[in-house]
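Enquirer: Sequence:
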Amino acid sequence: MEYKRFDNTIIARIDKGEEILEQLKVIAINENIKLASINALGAIDDFTVGVYKIDEKKYYSNSFKGYYEITSLTGTISTMDGEYYAHLHMSAGNEKGEVFGGHLNRAVVSAVCEMVISVIDGKVDRIYDEGTGLNIFKFD
1 MEYKRFDNTI
11 IARIDKGEEI
21 LEQLKVIAIN
31 ENIKLASINA
41 LGAIDDFTVG
51 VYKIDEKKYY
61 SNSFKGYYEI
71 TSLTGTISTM
81 DGEYYAHLHM
91 SAGNEKGEVF
101 GGHLNRAVVS
111 AVCEMVISVI
121 DGKVDRIYDE
131 GTGLNIFKFD
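In full-length UniProt numbering, the protein residues as written are 1 to 140.
Since the hints were made in silico from the structure, they are not lab data.
Do not take every clue at face value.
Straight line, CA to CA, 27 angstroms or less: simulated DSSO-like cross-link-like pairs of lysine-lysine [said to hold, decoys possible]:
(1) Lys16 x Lys53
(2) Lys123 x Lys4
(3) Lys34 x Lys96
(4) Lys123 x Lys16
(5) Lys34 x Lys4
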């Protein structure tokens, strides 16, 4: 992985064999990012995404292996209890044009992933919400 910062924008290249969430965390910690928006595209060959069932307060995950193009990868970096916290969603299409997606749990790059991190001046922490069972934005 390599990246370069331009004021409040970071352009990153995540390379073959690297896991996207792990590399994003490295960048965020190295750059002391407390709040940001994420957008990316690329190619992956092993990924897990999930869907949250609110009535059960539980995530269900689906794993995929093969040739996939990221059609959308978007999300946020924030903090929870002052520590790094990322929340990303991804959709990826196969050679038939079928697209699968959801909450991103894991994605291994097969060729390259190009990511744009838009750093936002400020900080938004998260707090656990009993009603939904999710960690939601907490505004002071």
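Enquirer: Hints the structure violates: just list their numbers, smallest first.
Expert: Structure breaks hints 1, 3, 4.
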